[in-house]
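**Student:** Sequence:
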Amino acid sequence: MHSPLPVFALLFNALIWGLSWWPFRLMHEAGLHPLWATALMYALVLTGLIALRPASLKQAWQYPVLLLLAASSGLNNVAFNWAVTVGDVVRVILLFYLMPAWAVLLAWKILGERPTPAALLRLLLAFGGVVLVLLPADASLTGLVQGLSLADALAVFGGFMFALTNVLLRRFQGIPSQARMLAMFAGCMSMALLTALTANGAGLVPAFPAFNTHWAAVAVLLSVLLMVGNWALQFGASRLPSGVTSVVMLSEVVFASVSSVLIAQEQLAARTLLGGACIMGAALLTTLGRAKKA
Numbered sequence: 075m076h077s078p079l080p081v082f083a084l085l086f087n088a089l090i091w092g093l094s095w096w097p098f099r100l101m102h103e104a105g106l107h108p109l110w111a112t113a114l115m116y117a118l119v120l121t122g123l124i125a126l127r128p129a130s131l132k133q134a135w136q137y138p139v140l141l142l143l144a145a146s147s148g149l150n151n152v153a154f155n156w157a158v159t160v161g162d163v164v165r166v167i168l169l170f171y172l173m174p175a176w177a178v179l180l181a182w183k184i185l186g187e188r189p190t191p192a193a194l195l196r197l198l199l200a201f202g203g204v205v206l207v208l209l210p211a212d213a214s215l216t217g218l219v220q221g222l223s224l225a226d227a228l229a230v231f232g233g234f235m236f237a238l239t240n241v242l243l244r245r246f247q248g249i250p251s252q253a254r255m256l257a258m259f260a261g262c263m264s265m266a267l268l269t270a271l272t273a274n275g276a277g278l279v280p281a282f283p284a285f286n287t288h289w290a291a292v293a294v295l296l297s298v299l300l301m302v303g304n305w306a307l308q309f310g311a312s313r314l315p316s317g318v319t320s321v322v323m324l325s326e327v328v329f330a331s332v333s334s335v336l337i338a339q340e341q342l343a344a345r346t347l348l349g350g351a352c353i354m355g356a357a358l359l360t361t362l363g364r365a366k367k368a
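Using my numbering, read the sequence shown as starting at 75 and increasing by one per residue.
These are calculated hints, taken from the structure and not from any lab test.
Mixed in with the good hints there might be a few duds.
Stated by the list, open to error - Pair by pair, the computed Cβ-Cβ distance ranges are:
hint: 1; residue 1: 298; residue 2: 277; range: 32 to 38 Å
hint: 2; residue 1: 313; residue 2: 271; range: 20 to 26 Å
hint: 3; residue 1: 127; residue 2: 347; range: 20 to 26 Å
hint: 4; residue 1: 135; residue 2: 347; range: 22 to 28 Å
hint: 5; residue 1: 224; residue 2: 294; range: 25 to 31 Å
hint: 6; residue 1: 337; residue 2: 286; range: 17 to 23 Å
hint: 7; residue 1: 198; residue 2: 105; range: 27 to 33 Å
Please read all numbers here as calculations on a predicted model, not as lab measurements.
Think of the CB as a built atom: it goes at the ideal place given N, C-alpha and C, for glycine as much as any other residue.
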């Protein structure tokens, strides 16, 4: 009989990310913008990783190609953390989970994997769900782009970058995992810092605030949870088939949706639920297709 620990580890990681919107909003309310918060937290996480695994720094320098992975994972985190702080959590999570649809197109371009008819149907299902989520009940298709908020755009962009990160991880699977992890953490810190400085210069983001024990305590706690969650992901994903891992990780949507309703009193409209069902159905079909192929 297989141990349930890997599944619990993946559920724990999904729980952390499904609830991550809350501490980001707490820090934002205390005066720390999510971009500065992301840069600060990943600086703490990166410092912890180098302290625990100093050899990872030397390994990472041997693979300059990891700069691509650093950029994609960093932009993925920047977009997601910013979006869940300022937008509707459920809507952001659903748009972010377009990732399997983007992965089909990116794998075609980068890995040379031509999409099957079933994959193209899943693509149509996912993007049909996006139209339902984004399009107001009384609007036409021409109003789709006009009604796109900053959080919506960030969520779609973040999902695209998440898909690119996964494709690059497959492309760079021969590189030691410690080096890949360090590159991803360094990318999250540097991309957040660069974006924060650029946005601050353009007047879109306030300057880094004076020290406040409220946001500092939340930042340290979330940094620790992110490190533990990453360990849980590595532990679970390395012991389970990729198809099982993908299905379990979809629980993040459930954690985010339920918590946003209970904590933030957000409303789940019928169109959002129907569109979400299409997006999640496409993700689940992608996962089951990979499991069957394996």
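**Student:** Going back to the hint list, which numbers does this structure go against?
**Tutor:** 2, 3, 4 and 7
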